[in-house]
Amino acid sequence: MTVRTLVVVAAAKDDLAAPRRKLGYDRLALVAPEGRGRALASALGEEATVLEVPPDDVLGCLRAMEGLLAGLPDSTRVAVDGGTGAMSLGAVLACLSRGVEAWFLEHKPVCLPVLRAMPVAGRFGGDELAVLAALDGRRAHGDLARRAGLPLARARAAMLSLRRHGALGSDATQAWPTDLGSYYRKALVEKPD
Amino acid sequence: MTVVLATVGFHPEKVLPALRSHEDKEALVLFHDTDADGKSKRAARAAREDARRLGLEAELVAVDAFDLVATCLRLRREIRKRSAARREVVVSIAGGTRVLQAAALLAGVLEGVRVTHVNERTNVAQSLPLLRLSAAEILSPKRRRVLLFVRDRPGCQARDIAQGLSLAKGTVSHHVRELRRRGLVEGEPDPDDSRSERLRAVPSAELLLAE
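Here the protein sequences line up with chains A and B, keeping their order. 13 is the number of the first residue of the first sequence in our numbering; add one for each residue after it. 52 is the number of the first residue of the second sequence in our numbering; add one for each residue after it.
Be a bit skeptical, because a hint or two may be false.
Said to hold, decoys possible - Each computed BS3-like pair below joins lysine-lysine, with the alpha-carbon atoms no more than 27 angstroms apart:
no., chain 1, residue 1, chain 2, residue 2
1, B, Lys90, A, Lys120
2, B, Lys92, A, Lys120
3, A, Lys25, B, Lys220
As the list claims (entries may be wrong) - Derived list of chain A stretches under chain B, where covered just means 3 residues or more per stretch with a C-beta under 8 angstroms from a C-beta of chain B:
no., segment
4, 93–107
5, 179–193
Unchecked claim - Covered stretches of chain B, going by a simulated chain A footprint (3 or more residues, C-beta under 8 angstroms):
no., segment
6, 107–121
7, 255–261
Quick caveat, the hints were computed from the structure, so don't treat them as lab data. Even for Gly, the Cβ is constructed at its ideal location relative to N, Cα and C.
Can you build the whole structure from these sequences, using the hints too?
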């Protein structure tokens with residue numbers, strides 16, 4: 013028999029009953045702001061897996077949610093309209109990334125299409141990927157170009173593109189990965205498609 | 052030149068970080084809710100004044116911020132219009148209801164444009180991960196035809212699809228199964244025949260059919 017898991021994203025003021033009433037489930041998981049998990053779980057009045065996430069960090073929420081969803085069955089549903097704005101967006105991104113149902117239950121209940129998307133920029137070319145792979149911390153432009161195996165001019169063009177995508181910070185001499193760049197590195201470099 | 056499409060809630064000051072994070076911006080389009088008390092519209096007007104002080108013209112677009120499908124489709128139309136005019140488009144989530152924010156995210160993802168989010172606490176704009184998503188990858192031409200058939204004939208059965216589209220029953224079963232797995236089609240037992248199901252497309256299927 014399929015075990016249906018419901019993941020509820022919530023913060024202190026959210027109605028914890030509504031998603032449980034509207035979506036059927038066998039198992040429950042609660043995504044709560046850091047430091048609030050225990051209090052929210054006790055308000056549930058039933059057993060639940062609790063995941064605490066950084067409430068103001070979309071990428072942090074996304075990473076944590078992806079980890080949670082990776083261990084749950086395909087029949088999982090996520091009620092994404094609770095929590096802080098960052099938590100809700102992180103949850104939506106995680107659902108899109110992992111191919112899981114994301115539900116908005118306030119007003120007219122609606123589920124996003126289940127799309128299995130990878131957090132990979134299809135538009136990143138080989139040079140950009142090479143620079144991203146070489147960018148393991150703050151690096152001088154020349155050093156980064158050498159590590160990426162690219163002529164300096166091409167590496168700089170790739171850096172510019174990555175900067176436009178918000179993946180890289182740079183000044184006149186050095187470049188470094190942003191939080192988003194680190195996220196891409198993890199998705200693209202450490203776990204290639 | 053860049054056109055920024057920003058969502059706005061009750062806090063117009065959230066739009067400024069979204070604008071500052073983009074170079075060579077040319078125009079701003081503010082999506083706000085059609086709320087009864089006009090609070091969101093007032094915020095959008097205030098954000099428009101802020102943009103004018105930066106030398107930027109802004110246009111206001113009222114949407115039902117609780118209607119995910121209609122709002123997402125409206126945003127996608129705007130992205131396409133601006134892209135067709137050879138403008139770079141950036142979607143900036145700078146407030147609004149959760150549904151409005153998700154609609155903006157999904158529109159950006161499905162149209163393949165950059166999406167940024169203005170942090171609620173720090174007011175700093177951050178780029179969100181680009182997701183490689185294309186409706187064409189999810190809906191092959193044949194599957195798209197099946198989905199359109201179901202959308203246009205709610206309550207139809209698999210055999211109706213096979214007959215209407217001249218497809219083998221096995222092919223229809225496969226596509227219906229995949230469409231159900233992706234949450235695009237729902238089925239309920241046929242009261243007249245317990246072995247059959249009556250099918251209907253869910254509202255959010257429109258998001259993938261609007262290609």
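**Prompt:** Is it true that the CA of Lys25 of chain A sits at most 27 angstroms from the CA of Lys220 of chain B?
**Reply:** At roughly 50 angstroms apart (the allowed maximum being 27 angstroms), Lys220 of chain B and Lys25 of chain A break the hint.
**Item:** Outcome, coverage of the segment 93–107 of chain A by chain B - at least 3 residues whose beta-carbon is closer than 8 angstroms to one in that chain
**Value:** holds (count 8)
**Request:** Please work out if Lys92 of chain B and Lys120 of chain A have their alpha carbons no farther apart than 27 angstroms.
**Result:** Holds, at roughly 22 angstroms.
**Item:** Claimed coverage, the segment 179–193 of chain A by chain B - three or more beta carbons nearer than 8 angstroms
**Value:** holds (count 4)
**Request:** Please count how many residues of the segment 255–261 of chain B have a CB within 8 angstroms of a CB from chain A and say whether that reaches 3.
**Result:** Contact hint for the segment 255–261 of chain B vs chain A: holds, 4 residues under 8 angstroms.
**Request:** Can you take a look at whether the segment 107–121 of chain B is actually covered by chain A? Rule is 3+ residues, C-beta closer than 8 angstroms.
**Result:** The restraint on the segment 107–121 of chain B holds, since 4 of its residues have a Cβ under 8 angstroms from chain A and three suffice.
**Item:** 27 angstroms limit on alpha-carbon distance, applied to hinted pair Lys90 of chain B and Lys120 of chain A
**Value:** 22 angstroms, holds
Figure legend: structure checked against the earlier numbered hints; the only hint not met is number 3.
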